[in-house]
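**Student:** Letter by letter, the chains look like this.
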Amino acid sequence: MSLSRCGALGMLIWMAACSGGSAGPVSGLEVPELEGSEPGAPEPAALLEVVPEPSLEGMEPEVREVLRAASQSLTQLSSERIASGGEEDARRLAEIYGQNGLLYHGFGLEGAAAMCYRNASRLNPMEPKWLYLSAILSQGHRDLEAAAGLFGQVLGLDPAHVPSLLRSAEVFRLQGRADEAEARFQRILDDPTLSAHPGARPYALWGLAKLANAQGKAERVVELLRSAISQQPEADALFHALASAHRRLGDREQAAEASSKAGAQAARFEDPWSELIRPAEGATAQLLLGNAQLRVGNPQAALSYHRRAHRLNPQDPAAARALALTLEELGQTAESLELYAEAGRLSAANPLYLYDWARAAMKAGTAPEQVAPELERALAAAPDFLNGHLLLATCRTRMGEVEAAMESLQRALELSPGEPRATVALAGLWARRAHQSLSDGDVASTLQFLKKAVELAPTEVSLRLDLGSVLMSSGAFKDAAEHLQAALASDPRGDLAREIRLKLVEALLFSGRAEDGGAILMAWLERPGPSVAVLTLAAQWLAVGPETLRDERRAAQLAQQGFETQATPEGAETMALVLSAAGDFATAILWQERLVEQIQSLQADGRTLRRLERNLKRYRDGRRGLAPWQVSEPAEKDPADHQP
Amino acid sequence: MAVSQWTSLSLDRRCSKLSRGDRRYLLRNGLWCLLAGLCPIFSFGQSAPPFEEVASRVGLRFEHQNGRDGSFYFPEIMGAGVALLDADGDGDLDVYAVQGGPPARRKGTRLPSDQLFLNRLDKDGALRFVDATESSGLSATTEYGMGVAVGDVDGDGRVDLFLANYGPNQLWRNLGRGRFEEISERAGVRDPRWSVSAAFLDYDRDGDLDLYVANYVVHSFGARVVCKSPTGAVSYCGPQNFTAERDQLLRNRGDGTFEDVSAEVLGPAWIEGRGAGLGVTTADFDGDGWMDIYVANDLAANHLWLNRGSVTGGAGPDSGTRRFEDEALLAGCALSGEGEAQASMGVIAGDLDGDFDVDLFMTHLDRQTNTFYRNEGQGFFADVSLESGLANGSWTSTGFGTAKLDYDLDGRMDLFIANGRVTEHAARKAAGESYALAEGDQLFRGLGDGRFAEVPLRELAESGPEVGRGVAAGDVDNDGDTDLLISNNHGPLRLWINRTEHRKPWLGVVPTIGTGGRARPAIGAEVVVETAKGRRWVGTVTTDGSYASAKDPRLLWTLSPGEIPARVRVTWSDGVIEVFELGRQDLGTYRELRRGTGQTAADAEERPDSVGSSEIQRGGESEGRP
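Those protein sequence lines, which keep their order, are chains A and B. Plus 78 on top of the position in the first sequence (first one is 1) and you've got my numbering. Plus 573 on top of the position in the second sequence (first one is 1) and you've got my numbering.
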């Protein structure tokens, strides 16, 4: 650094110190030179920068105090002159600068931190720690050239400093100096002493994998990453790179599997000097540290930070809220609720805190009658508060106030059109009304409400299934088929898919789309383990369905398989049907007569009995029977009659 | 847009443009006398900066106001975008600038409106813009604006405006002659959520433009989150302090009104996968002929919505294929190569490495790379930011708007990035700077094969650091090169006119659909140009990408000296293919390719030298570069 450049920074401090002995110039260390200094003149051991006082504006009082004290200590230093030969004093000063650097570093005041580290290094050039921390700052800023130089200086002092080897290798990689990076990572792996450093091996393997990836060597990447992951299983971020390598190799399944395991934790190595960076003091700093821990799913670690933040600034509602959130996460509900309430008291104008209390209270089982007024108060202050309206709707639903709950949800939808939480909840309320109507026997209202529900939440398959079922029971098979088809399209492999598919087949068959229904059945039969219902329907379809697609023999096999699996009246009816289709009317009559007797004894509904008796008559007349879906009351269709 | 106007303005203004650009350079160097009468023979090389900032000089006087009052409201730092569009149908690009104002306005307070500037480009290529905000009716655009998208939603041949706002979104229908009316309510687009960017596309191939809106986060002034730095000083929040919003997919019913089909068309991935959306772009990423959507999310995994075509219905056990599936994670473009969810802002889709498939480039926060996802084929992407040379220049800046262009007319694609911080620079703030977010913009010159090198800003234009946000690229003076319109948060609008000397021929094309006065750019059409020498280029007609901005839909290429375009193959958004013959007469012009006037693919493919889809392969010798 030249004198003129330093002059631009402000006051220069010259300190005559560290002359001779072990404090002499160190190979590889950039000792600043004075522009225009005469050859042969004694070189200053260090050229110190004045660390400007950070702007304390807006900072919290405690932090201001800490930083002001730090700044004052440095100002005091600048006024001191260390006597020549005061090597010990220089080291002491270096330590003070370094400690201040760590303090600034912790608060994110990185410019000031860098100056302090530089001064510390100049005062004590044999101490690699300050160079290393300076290098970390540069690496963080992505000033790669500076970082590489500084790590180089550390390694000049301590060639086996593993963190510097690893970090500098990574810096080389980012600089595009692939060969140097590879050599450095490889050196770690090859040297048992270096690779014994905790975390060094997986980190170096990861580094080599990144280099291999840039060269398109996907197989090598897989090999390196698998090794790294096996040594540091918690480093789940490596799965992303593994997935990428599998993709390059065209292995979609392996890629998907690796993607599913991927997380945010990178490979890590033990780095004691970086841990010296003083965790920032002050309530907000503690709060942020806690929040960071909470975000990575570590509430236990967050708890101590948040407790400290709350203790340091008990008047800060954000600190109370953060602590409450952490406690809630840890299951300590009672204390959490108290703190939410406290945050609400501290900032009565901000409904966020009332909402938090209400949410946690609901979760803890507090009566909705107690929670609702607080939420209403919050929403009076912030009518555009989406989450508040949603929670109030939940509250009101639990209170049985369906109309009021619907109003809250409508308001939420005005604020956020299409918001799934609102649409699904509102659809659920319409469905609730529909079920009530159904139990009252009001089918028209049931259908109306269910249609509203489906309109709101078209991808909610259970609603479509309900609507389809009610439509089928009211004879609207075509409409039912449409809804069931949409339900299946939404979630073809969900828990309800089987039930929906069966209903859909029935709806298609009953609505005259026998070929469409049959196509589903036939495809279904290809899958292992078809249910009795499927076997029965398929047998019926093959026996008396579209003429060109009939297969009486297979129909008989399926009907028998279904009946043997589970003997049901439907199965018996189907057995008779397939027998009639095969022309064995005598046996069909026997089956059907026995079935009619049973149904009569069960006093089942008249419609079923009428259908069975009609088919019995057909068998006695030597005619093929009709499947249930070919019979509709009161006007009976008889497609089979049209067959020759 | 009166597309016929494009061709009538196909003038080669090499001389007049050079004289203006270099006149300025020479004046600065006291060499003006040398220029007199020497224009036709004078050659300057590249010593003059390639761009000249002319905004205020040509009448583009616009100052973005973010309304900051020391409260550090999050929306203040996010706006705003810009658009280049032919609002009055006269064949040149007009300018639309999105405005902000105090975000937490008191009830009844009217915010300043956006501004429309009509381009009065004269025959000599001299630019002049007229503020038409009042006469256009757009003075009523008084929401707190974020972004803008342009497209003809009702197929009347006039480009309409969609405004993504912090507050209800708006749709303004173009009535012709630069006049607009608001139709937000009846069009069904008045979504009050915080939207930032939007893209028009015909996802269902029904011939009209649908709309994808990237929404950001759930933000409430009432239930306010206050963010602080570790020292306790109040600062701007980031997306991690809020719940991310879901985006919105709006289907055009065919009459310029829309229905929200997000849930049914995007499906469970949409319901479960929130992301704070900032940028959106459309392209056929997997080459299946259907337009896909890519969304740049802030500090969350990005979305790659792959269009799976029609819903097949429930006809079989495995039926129920959705129209879109988010394949970003599996495809390798959701996160950086190291698995980091980056703070994605701006985004570009296009063939950036000349291998005939669609790559992605995205801008990010400082200390993150700007990321280049190279399309590896088979629907996979690889983060090649480091290898491409784009990473190293991006670590110290926060990128927002971005554009691909061939600024130096060497036939290779370059990248421009508008930068601006989102948190104040501590040291500069301590030194008294009142809004310490400014950063210098950047340009990366394409070197070929997907490699880039940063060009120092001082060599590009006389431009200082500003809080860059939106960028729209387009040929504002119709001279066959790409100019840049740049918006700055809480700062002035900039127009960088490209003054690079044309040493090589250029070709512009604009595929259109519709007849007579209803002709309009065919959004989603894929174009493959082939020269007589057999070299090819590929491009897609879009207006989206960048950050909150809308660009020129025309496609533009620089050819080698003496090279003649032979033909162009257009795949319209519904999959129909036509081939158009080109020739020497098409050089130095914007050639309109009207649907129905070319040869159908079947006819064209009978000819052995036609541009067939099988020839468009990745790799090989036919690179899209001279």
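A few of these clues could be false.
[Unchecked claim] Here are the simulated EDC-like pairs of lysine to aspartate or glutamate, each with C-alpha atoms no more than 16 Å apart in a straight line:
hint, chain 1, residue 1, chain 2, residue 2
1, B, K1002, A, E560
2, B, K1002, A, E135
3, A, K295, B, E1027
4, A, K339, B, E960
5, A, K339, B, E837
6, B, K1002, A, E188
7, A, K529, A, E479
[Unchecked claim] Incomplete in silico selection of chain B near chain A, CB under 8 Å:
hint, residue
8, V791
9, S793
10, F815
11, G905
12, L908
13, Q951
[To be verified] Which chain A residues face chain B? A few, computed with CB under 8 Å, are given here:
hint, residue
14, P132
15, G254
16, A274
17, P276
18, G277
19, W351
20, A363
21, P392
22, A396
23, A426
24, F463
25, P498
It should be emphasised that the hints constitute simulated quantities derived from the structure, not laboratory data. Cβ atoms here follow ideal geometry from the backbone N, Cα and C, with glycine treated the same way.
**Student:** Each hint needs a verdict: does it hold in this structure or not?
**Tutor:** Now for the hints, and whether the structure bears them out:
1. B/K1002 to A/E560: With a Cα-Cα distance of about 63 Å, the restraint between B/K1002 and A/E560 is violated, given a limit of 16 Å.
2. B/K1002 to A/E135: holds (10 Å)
3. A/K295 to B/E1027: violated (27 Å)
4. A/K339 to B/E960: violated (27 Å)
5. A/K339 to B/E837: At roughly 28 Å apart (the allowed maximum being 16 Å), B/E837 and A/K339 break the hint.
6. B/K1002 to A/E188: Between B/K1002 and A/E188 the Cα gap is close to 14 Å, so the pair holds against 16 Å.
7. A/K529 to A/E479: Violated - the C-alpha atoms of A/E479 and A/K529 are around 21 Å apart, more than 16 Å.
8. V791: Interface hint status for B/V791: holds (6 Å vs cutoff 8 Å).
9. S793: Check passed: Cβ of B/S793 comes within 5 Å of chain A, closer than 8 Å.
10. F815: violated (11 Å)
11. G905: Hint on B/G905: holds, closest Cβ of chain A at ~5 Å, below 8 Å.
12. L908: Where the cut-off is 8 Å and the nearest Cβ of chain A is about 6 Å from B/L908, the hint holds.
13. Q951: holds (7 Å)
14. P132: Because about 6 Å separates A/P132 from the closest Cβ in chain B, which is inside the 8 Å limit, the hint holds.
15. G254: Hint holds; A/G254 Cβ to chain B Cβ min 7 Å, cut 8 Å.
16. A274: Constraint on A/A274 not satisfied, violated at 26 Å.
17. P276: Because about 21 Å separates A/P276 from the closest Cβ in chain B, which is outside the 8 Å limit, the hint is violated.
18. G277: violated (17 Å)
19. W351: At 20 Å from the nearest chain B Cβ, A/W351 fails the 8 Å test, so the hint is violated.
20. A363: holds (4 Å)
21. P392: violated (15 Å)
22. A396: Hint on A/A396: holds, closest Cβ of chain B at ~7 Å, below 8 Å.
23. A426: violated (13 Å)
24. F463: Since the shortest Cβ distance to chain B is 5 Å, the answer is holds.
25. P498: The hint holds - A/P498 has a Cβ within 8 Å of chain B, the shortest such distance being about 5 Å.
Figure legend: structure checked against the earlier numbered hints; hints not met, in rising order: 1, 3, 4, 5, 7, 10, 16, 17, 18, 19, 21, 23.
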